[in-house]
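K.L.:
Same order as they appear, the protein sequences are chains Y and P. All residue numbers in the first sequence are consecutive under the working numbering, ending with 444. All residue numbers in the second sequence are consecutive under the working numbering, ending with 444.
Rather than coming from a laboratory, the hints here were simulated on the basis of the structure. There's no promise every hint is true.
Identical copies go unnamed one by one, so any copy, or any two together, can satisfy a pair.
Claimed, not checked - Listed next, the in silico BS3-like pairs over lysine-lysine satisfying Cα-Cα at most 30 Å (straight line):
no.	residue 1	residue 2
1	Lys285	Lys173
2	Lys336	Lys239
3	Lys173	Lys189
4	Lys412	Lys185
5	Lys285	Lys189
6	Lys185	Lys173
7	Lys294	Lys239
8	Lys57	Lys412
9	Lys3	Lys67
10	Lys294	Lys185
11	Lys336	Lys185
12	Lys239	Lys173
13	Lys22	Lys57
14	Lys294	Lys173
15	Lys336	Lys153
16	Lys385	Lys94
17	Lys409	Lys185
What you are looking at is a predicted structure, and each value in this text was computed from that prediction instead of being measured.
Number of protein chains: 2
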Amino acid sequence: MEKIAIVGAGLVGSLEAILLAKKGYQVEVFERRPDMRFVELSAGRSINLALSDRGWKALKMAGVDEKIKETAIPMYGRIMHAVDGTLTSQPYGKDAQAIYSVSRGGLNQTLMNIADQYENVNFHFNKTCEDIDLNTNELQFTDSETNQTNKFKADRIFGTDGAFSAVRLRLQKTPRFDFSQTYLKHGYKELSIPPNEDGTHKIDKNALHIWPRGEFMMIALPNMDGSFTCTLFFPFEGKNSFASLQSKEDVLHFFNETFPDAVGLMPDLVNDYFENPTSPLVTVKCEPWNYEDKIILMGDASHAIVPFYGQGMNSGFEDCSVFEEMSADFDGDWTKLFADFARERKPNGDAIADLAIQNFIEMRDKVADESFLLRKKIEKKLYSKYPDKWMPLYSQVTFSHTPYSTALKQGKKQEAIMDQIMAKPEIETIWDSNEIEQEILSLI
Amino acid sequence: MEKIAIVGAGLVGSLEAILLAKKGYQVEVFERRPDMRFVELSAGRSINLALSDRGWKALKMAGVDEKIKETAIPMYGRIMHAVDGTLTSQPYGKDAQAIYSVSRGGLNQTLMNIADQYENVNFHFNKTCEDIDLNTNELQFTDSETNQTNKFKADRIFGTDGAFSAVRLRLQKTPRFDFSQTYLKHGYKELSIPPNEDGTHKIDKNALHIWPRGEFMMIALPNMDGSFTCTLFFPFEGKNSFASLQSKEDVLHFFNETFPDAVGLMPDLVNDYFENPTSPLVTVKCEPWNYEDKIILMGDASHAIVPFYGQGMNSGFEDCSVFEEMSADFDGDWTKLFADFARERKPNGDAIADLAIQNFIEMRDKVADESFLLRKKIEKKLYSKYPDKWMPLYSQVTFSHTPYSTALKQGKKQEAIMDQIMAKPEIETIWDSNEIEQEILSLI
Numbered sequence: 001m002e003k004i005a006i007v008g009a010g011l012v013g014s015l016e017a018i019l020l021a022k023k024g025y026q027v028e029v030f031e032r033r034p035d036m037r038f039v040e041l042s043a044g045r046s047i048n049l050a051l052s053d054r055g056w057k058a059l060k061m062a063g064v065d066e067k068i069k070e071t072a073i074p075m076y077g078r079i080m081h082a083v084d085g086t087l088t089s090q091p092y093g094k095d096a097q098a099i100y101s102v103s104r105g106g107l108n109q110t111l112m113n114i115a116d117q118y119e120n121v122n123f124h125f126n127k128t129c130e131d132i133d134l135n136t137n138e139l140q141f142t143d144s145e146t147n148q149t150n151k152f153k154a155d156r157i158f159g160t161d162g163a164f165s166a167v168r169l170r171l172q173k174t175p176r177f178d179f180s181q182t183y184l185k186h187g188y189k190e191l192s193i194p195p196n197e198d199g200t201h202k203i204d205k206n207a208l209h210i211w212p213r214g215e216f217m218m219i220a221l222p223n224m225d226g227s228f229t230c231t232l233f234f235p236f237e238g239k240n241s242f243a244s245l246q247s248k249e250d251v252l253h254f255f256n257e258t259f260p261d262a263v264g265l266m267p268d269l270v271n272d273y274f275e276n277p278t279s280p281l282v283t284v285k286c287e288p289w290n291y292e293d294k295i296i297l298m299g300d301a302s303h304a305i306v307p308f309y310g311q312g313m314n315s316g317f318e319d320c321s322v323f324e325e326m327s328a329d330f331d332g333d334w335t336k337l338f339a340d341f342a343r344e345r346k347p348n349g350d351a352i353a354d355l356a357i358q359n360f361i362e363m364r365d366k367v368a369d370e371s372f373l374l375r376k377k378i379e380k381k382l383y384s385k386y387p388d389k390w391m392p393l394y395s396q397v398t399f400s401h402t403p404y405s406t407a408l409k410q411g412k413k414q415e416a417i418m419d420q421i422m423a424k425p426e427i428e429t430i431w432d433s434n435e436i437e438q439e440i441l442s443l444i
Numbered sequence: 001m002e003k004i005a006i007v008g009a010g011l012v013g014s015l016e017a018i019l020l021a022k023k024g025y026q027v028e029v030f031e032r033r034p035d036m037r038f039v040e041l042s043a044g045r046s047i048n049l050a051l052s053d054r055g056w057k058a059l060k061m062a063g064v065d066e067k068i069k070e071t072a073i074p075m076y077g078r079i080m081h082a083v084d085g086t087l088t089s090q091p092y093g094k095d096a097q098a099i100y101s102v103s104r105g106g107l108n109q110t111l112m113n114i115a116d117q118y119e120n121v122n123f124h125f126n127k128t129c130e131d132i133d134l135n136t137n138e139l140q141f142t143d144s145e146t147n148q149t150n151k152f153k154a155d156r157i158f159g160t161d162g163a164f165s166a167v168r169l170r171l172q173k174t175p176r177f178d179f180s181q182t183y184l185k186h187g188y189k190e191l192s193i194p195p196n197e198d199g200t201h202k203i204d205k206n207a208l209h210i211w212p213r214g215e216f217m218m219i220a221l222p223n224m225d226g227s228f229t230c231t232l233f234f235p236f237e238g239k240n241s242f243a244s245l246q247s248k249e250d251v252l253h254f255f256n257e258t259f260p261d262a263v264g265l266m267p268d269l270v271n272d273y274f275e276n277p278t279s280p281l282v283t284v285k286c287e288p289w290n291y292e293d294k295i296i297l298m299g300d301a302s303h304a305i306v307p308f309y310g311q312g313m314n315s316g317f318e319d320c321s322v323f324e325e326m327s328a329d330f331d332g333d334w335t336k337l338f339a340d341f342a343r344e345r346k347p348n349g350d351a352i353a354d355l356a357i358q359n360f361i362e363m364r365d366k367v368a369d370e371s372f373l374l375r376k377k378i379e380k381k382l383y384s385k386y387p388d389k390w391m392p393l394y395s396q397v398t399f400s401h402t403p404y405s406t407a408l409k410q411g412k413k414q415e416a417i418m419d420q421i422m423a424k425p426e427i428e429t430i431w432d433s434n435e436i437e438q439e440i441l442s443l444i
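Just chain Y, with the same shape it has in the complex:
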């Protein structure tokens, strides 16, 4: 029987294990860290994530969507918090459309538990991938507890070991492998809004909260226990930056000035700020995503992106669903399957990487802008009247399965049209007119 090694038991690796197990392959999953179901892992990764349509589709293929939905909190829109406390809200899509706040750890554990139910899946923890012999497809691991070296010869290797992938690192040494890692000047730090005493949420739990402040921002996503996990996206250096906030007083002063309506909800602010790590934001691109018929990269290993479109996990899960669809009429030609998958997905990985960086500017700056909100209102009207002609970019990315690269292209076209419309005199008064509607339709 075909022996498949999955390197990395994170979200994508665990989901892919289920999908491959369903096909009857022998699946061995190797994970560098201990089993997160028994050992609490240290911080440094986001606590919750926004799951949307692309992710749900892949979870459904694995038959785990219903189970996950039980602990997912729908967020129907953004709520923007101005410095003076004014709240503005903006729906993400139509009516019941939502993105869902899920616990990273909870989701990962659920996927591992389901994978574990298959007899043809085995998890191996504390196994650091040290090297791969590309001739024999033999993996070399060191056990971080015993320091012993193990080898495993796989027919296929799925590299789902994240932004700093050991599998990709091996491929980086092969001839003509393109690779880039690019860091933002901003980092992030997680903070917390605890629940009320009765376990309810302190602010609207069915929304993603944003405190947009131009060069930086804070966001908050709800958790099932009534708390919110806040994330401060902030420059590493400069006037307002992680480097500039050194003392308790600095932090309190800055938060009181900048996020006054949040401070009262964050009793552990100072402690969280100094205890929790400051993490970088990296974009990784590479090519090719496969090595012959032996290795395929998925998820952050081939396309680590910044979190501002909420598509990191979703794009990784979409790798799994696209791979599943492409192997529907599989005839045993792994070289073709891996090469086709790599060629098909690579432009989409690059596109969502670029979209995610663009969306940072939108979230931290534009959402506080009236003209931006009007633009969204016009687009929403178009979408509701002419859903076949105009789907806003956000909806294409979040609530459709349109390839990211197509969405990026269409989004640019729409942006050019809307730039033209928004430049019209008195657009604030005439935006809802038939004339404007007709003009947009003529421009499409």
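Knowing the structure of chain Y, use the given hints to seat chain P on it.
P.N.:
Same frame as chain Y, now just chain P:
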């Protein structure tokens, strides 16, 4: 005394050794390969290179320009070889302006010999840099002959160890280090045109010869012994590619069809083709180029570029001359000097990388085009009448010390103007008119 380690005794490392020795520092140069003055090194790197103004300036600072000029062959322009044997020539600059064909090995050995004359310079060969302790700035080397490990603690480390730099590899593991390596779909292979029996050159030795063929090309640069080194730049895969030429017959057939006027000059063609390596063409970008006051990257280590602008060595030598200029009023603040140098040079390294890729299309395709040659003629006229208003991009890059990033910007502006002019009806007849001249001047 300040102890400086230079990692890499290639062109840039050897030149920098001289410049630092002149200031009185203790300079230790570590080189992975054996001493090329005693051991012939295997092929895989270009045999000759085009030295131009930026390179000469740095060589002059080191006092070695006169010595180098003795064995440098001026090339005053390009000679294009059409399939039917027609030759077209195009001067590179004004009158006596030329780029110079020099032997890579000869130049490197000359620089090493001159550096060796300083008592405060020591070369260490067969020393592979394995690691750097960034806290102590201690380098770890393995001797490739004895397999022994050596350590050396440096006050400063200059990483001049090329496109696959071990020093940069260490920096890639530091937080938030941006890095990219990008390969062209083309590779290159060196071939040869031997001298006539009397030692003279078989074709015009004072020119760079190009056989432009659209998707690919061959070039030839003269050597002092009467030979030419030809380089075939060719796709790795596809209809006409390294992959498609498998047999002697394939090679002969292809060259007879494609480079008929060259085949007769290349008696060793088939042997060279199968014996010489096929090498990839990589572009490397990274940031930052320095690590605190400890490490600085120069040359290919921080900006490996493709060879189509003849600026790989020249940009590396310019690193040395700019560093020299910036340390003119040095006050001992290495942190500032390294950071200033890195900040100043990084955009220029990126710009020449982009220009070099652009120039590949110009060389292999456009130089065979009449409209392109007319464009160059118009630009030449402007340059000769209004040298302060219009210096062609090629001249800015090759015959000036304008920062590459400025040249790139100005070149784009000029291109937009020339696009407008070349679109005029009957431009072939009216190009020399006063009207056109005035129009261009009004557009500048």
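K.L.:
Indicate, hint by hint, whether the structure satisfies it.
P.N.:
We went through each hint and held it up to the structure:
1. Lys285 with Lys173: both (15 Å within a copy, 17 Å between copies)
2. Lys336 with Lys239: For Lys336 and Lys239, only the inter-copy Cα distance (20 Å) is at most 30 Å; the intra-copy one is 52 Å.
3. Lys173 with Lys189: Cα proximity of Lys173 and Lys189: across copies only (21 Å, versus 33 Å in one copy).
4. Lys412 with Lys185: For Lys412 and Lys185, the Cα distance is within 30 Å both inside one copy (25 Å) and across copies (28 Å).
5. Lys285 with Lys189: both (24 Å within a copy, 29 Å between copies)
6. Lys185 with Lys173: Cα proximity of Lys185 and Lys173: in one copy and across copies (28 Å, 17 Å).
7. Lys294 with Lys239: Cα proximity of Lys294 and Lys239: across copies only (26 Å, versus 49 Å in one copy).
8. Lys57 with Lys412: within (26 Å within a copy, 46 Å between copies)
9. Lys3 with Lys67: within (28 Å within a copy, 64 Å between copies)
10. Lys294 with Lys185: The answer is between: 22 Å across copies meets 30 Å, while 37 Å in one copy does not.
11. Lys336 with Lys185: between (40 Å within a copy, 20 Å between copies)
12. Lys239 with Lys173: between (40 Å within a copy, 27 Å between copies)
13. Lys22 with Lys57: within (16 Å within a copy, 67 Å between copies)
14. Lys294 with Lys173: Both: 16 Å inside a copy, 27 Å across copies.
15. Lys336 with Lys153: within (21 Å within a copy, 51 Å between copies)
16. Lys385 with Lys94: within (12 Å within a copy, 65 Å between copies)
17. Lys409 with Lys185: Both: 27 Å inside a chain and 25 Å across chains, each within 30 Å.
When held up to the earlier numbered hints, the structure conflicts with none and fits them all.
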